[in-house]
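Number of protein chains: 4
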Amino acid sequence: MATAEPAANRETSTEHETTRLEAFSDGVFAIAITLLVLEIKVPHFEGTATSSALADALLKQWPSYLALVTSFFTVLIMWVHHHIVLRLVRRADVNLLFVNGFLLLFISVVPFPTAVVAEYLGTPAAPAACTLYAGFFVGISVCFQLLVGSAFRETVLAPDASHATIRRLRRSYWAGPPLYLVATATAPFFPLAAIGICTALWIFWAAMTREC
Amino acid sequence: MATAEPAANRETSTEHETTRLEAFSDGVFAIAITLLVLEIKVPHFEGTATSSALADALLKQWPSYLALVTSFFTVLIMWVHHHIVLRLVRRADVNLLFVNGFLLLFISVVPFPTAVVAEYLGTPAAPAACTLYAGFFVGISVCFQLLVGSAFRETVLAPDASHATIRRLRRSYWAGPPLYLVATATAPFFPLAAIGICTALWIFWAAMTREC
Amino acid sequence: MATAEPAANRETSTEHETTRLEAFSDGVFAIAITLLVLEIKVPHFEGTATSSALADALLKQWPSYLALVTSFFTVLIMWVHHHIVLRLVRRADVNLLFVNGFLLLFISVVPFPTAVVAEYLGTPAAPAACTLYAGFFVGISVCFQLLVGSAFRETVLAPDASHATIRRLRRSYWAGPPLYLVATATAPFFPLAAIGICTALWIFWAAMTREC
Amino acid sequence: MATAEPAANRETSTEHETTRLEAFSDGVFAIAITLLVLEIKVPHFEGTATSSALADALLKQWPSYLALVTSFFTVLIMWVHHHIVLRLVRRADVNLLFVNGFLLLFISVVPFPTAVVAEYLGTPAAPAACTLYAGFFVGISVCFQLLVGSAFRETVLAPDASHATIRRLRRSYWAGPPLYLVATATAPFFPLAAIGICTALWIFWAAMTREC
Chain E
1 MATAEPAANR ETSTEHETTR LEAFSDGVFA IAITLLVLEI KVPHFEGTAT SSALADALLK
61 QWPSYLALVT SFFTVLIMWV HHHIVLRLVR RADVNLLFVN GFLLLFISVV PFPTAVVAEY
121 LGTPAAPAAC TLYAGFFVGI SVCFQLLVGS AFRETVLAPD ASHATIRRLR RSYWAGPPLY
181 LVATATAPFF PLAAIGICTA LWIFWAAMTR EC
Chain Z
1 MATAEPAANR ETSTEHETTR LEAFSDGVFA IAITLLVLEI KVPHFEGTAT SSALADALLK
61 QWPSYLALVT SFFTVLIMWV HHHIVLRLVR RADVNLLFVN GFLLLFISVV PFPTAVVAEY
121 LGTPAAPAAC TLYAGFFVGI SVCFQLLVGS AFRETVLAPD ASHATIRRLR RSYWAGPPLY
181 LVATATAPFF PLAAIGICTA LWIFWAAMTR EC
Chain P
1 MATAEPAANR ETSTEHETTR LEAFSDGVFA IAITLLVLEI KVPHFEGTAT SSALADALLK
61 QWPSYLALVT SFFTVLIMWV HHHIVLRLVR RADVNLLFVN GFLLLFISVV PFPTAVVAEY
121 LGTPAAPAAC TLYAGFFVGI SVCFQLLVGS AFRETVLAPD ASHATIRRLR RSYWAGPPLY
181 LVATATAPFF PLAAIGICTA LWIFWAAMTR EC
Chain W
1 MATAEPAANR ETSTEHETTR LEAFSDGVFA IAITLLVLEI KVPHFEGTAT SSALADALLK
61 QWPSYLALVT SFFTVLIMWV HHHIVLRLVR RADVNLLFVN GFLLLFISVV PFPTAVVAEY
121 LGTPAAPAAC TLYAGFFVGI SVCFQLLVGS AFRETVLAPD ASHATIRRLR RSYWAGPPLY
181 LVATATAPFF PLAAIGICTA LWIFWAAMTR EC
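Residue numbers (the working numbering), protein chains in the order written: chain E, 1 to 212; chain Z, 1 to 212; chain P, 1 to 212; chain W, 1 to 212.
One chain only, chain E, in its complex shape:
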């Protein structure tokens, strides 16, 4: 059909590619977020449990609920920003595909550090658990920085992407890795504070979306 216009045809193909990249990423984000529930365990008892024993056991699992909510919103907000960044991109080249692949690897693994925190917060092993958790988000935020760097190149940006928007987004994202590093350094001494910093961060980035 378009054999006489190979360039125009290639353009269409790569735009199609961006759509499939976004759809695939959406899938991984949505599945990772939903698999978090598998880390909340149904309490078990030796012998028959009374109703108040079950209620007690459910309440004692608060670290599981806290870890799930923190991870859920961190990933959800990252999905929103992933979406804001890719909206400015015209086509996905190999560089972007790979950086996105590393980000998806980290996103898909989020249920693991979440489960570790859920099991060990409130025990003597909390420092190690929270260090793993915060350190893991250092990795995620570095990947997100690489994605932003890869997306905001002239060769892949949409021609009508606003330079002001790009500058504003860059400015707000760079804070991620250092602040998660602070959380990681805090975790061995004040494990719960590290989770608090992670919570403060997703609320900050959530507020950020108001201006996008």
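In short, the hints are calculated from the structure, not lab data. Do not rely on the hints blindly, as some may be mistaken.
If chains are identical, the list can't say which one is meant, so a pair holds when it fits in one copy or spans any two.
As the list claims (entries may be wrong) - For lysine to any residue, the following SDA-like pairs were computed, each having C-alpha atoms within a straight-line distance of at most 20 angstroms: (1) LYS41 / ALA206; (2) LYS41 / LEU59; (3) LYS41 / ARG91; (4) LYS60 / LEU192.
Here the structure is a predicted model, which is why all the values come from computation and not from measurement.
The hints should help you fit chains Z, P and W onto chain E, whose structure is shown.
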């Protein structure tokens, strides 16, 4: 391309955003609904089981099946209504994104209270299990109310959304939180009745879709 | 925008609805098919295992592999036919939404009977396990029949749907429930034969798609 | 509507079919990739664990992390190439549907050999575990070869698909099965080397995408 028409271009962007919001929400709904199966456990035996022992064990798991069916249809019907509401929306602003995020958090966690009911219905701990279940759906229905409130604002509604339709939908949805509260108050005394009220509710909202 | 043409607008809305129904169904089919892998357990040993002990244990799990392959292709072929049927449908009404909901409930639960067969095929409890499996597919095929009946009504069919195609599809699908019933009746006496009938059936429907 | 142009209408239908095939495949790829995380187990201890005991236990799980990363990128790169190949296809016929089905079966099962390697790498049973893993990827690469063979037929190729591109893709893909066979033959003697070959292969195919 559209540098001369930034407003028109932005319109397109936000419409695209609604599509991705719906696709992401669909993903979470579909995964949550399918993960329910993981709560049904294969019966295990000490030593080798006879065929009739396995059949007995499978039948004794009826609370698992009841809990799965109730949760499956409640989430499925909520998906249909989520769809009916968002069909009237022209663009997704930050407010809508967040309210939708809270709803998705609850939807993704549905397998957990379902598993608790599956394990403890028919045991002395049934009151606590069913209170958790019905109370959880109070939370879901409050989130859905917030979504409806956020979607039916002039700034995000589609220009051709019928006011009569909006009034009718509002009228049918507000009953959710109080009726789930009744179920929650019933659960400590008549656990099975609470599940019955939850079942009656999804059948009611299913019937409601007939008029949409 | 389209306030002057409410009818045309509604048309567009309902067509959009069919797309979202298909996308949601695709999600449940894809997730159910992929969750089957969770039923294959990594062999565990008391003490350290030798390489040949692990190889032996992996080979002894053949019922798991057989059950996975049978369920995978049965669901995959049903997805293809779900797709062939819905391609002929112009709009999704409430009737179709519900019948499709029942089908999705069964599809999402497929990993459970598959896991039961995987664990008990080759044990004295195989008759009960295979009866559950084949009986479950009676339920699925009845739902599929209801879907076909609901889709092939004048009110929802696309205007250009060929009557010859519809007749041919109806003819090939009605065999499902009785043949799965035969498999169910066979299972208590010849459990492996019941799985064989289920395998023969997906191969038959797979061959059927050649003419669509 | 298109009753006067049945041929053109059928064309549209089959193009639609390709889209749904891609979307369904994307779903299976995305879910399989995300389920890999379920194979990483949270360490458990008898009695209360200290922080350093948890840190130790987490580090000792390195085979789990290695297996996850290898499988994640192998599947991700295969998804990219699946996408590159299907972009050249105009319509999905039954042959392509089935070959794609076999590929999806293998993709959906990837978490199983990954979990086996995660548990037995670094134990005396590593040879059996790595032979299973590499042998499994022989199967996957054979399926991918069949997909390429099925996609690059005149009857389904897009009219503007470049013959040079097709030749180049064919040339780079055929190396898959023999190289995975080498890895499989290596595994009984040098299990870790087999995983190394698998890693080298996904890096090679990743580099390949640079030219597509």
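Structure-inconsistent hints, enumerated in ascending order: 1 and 3
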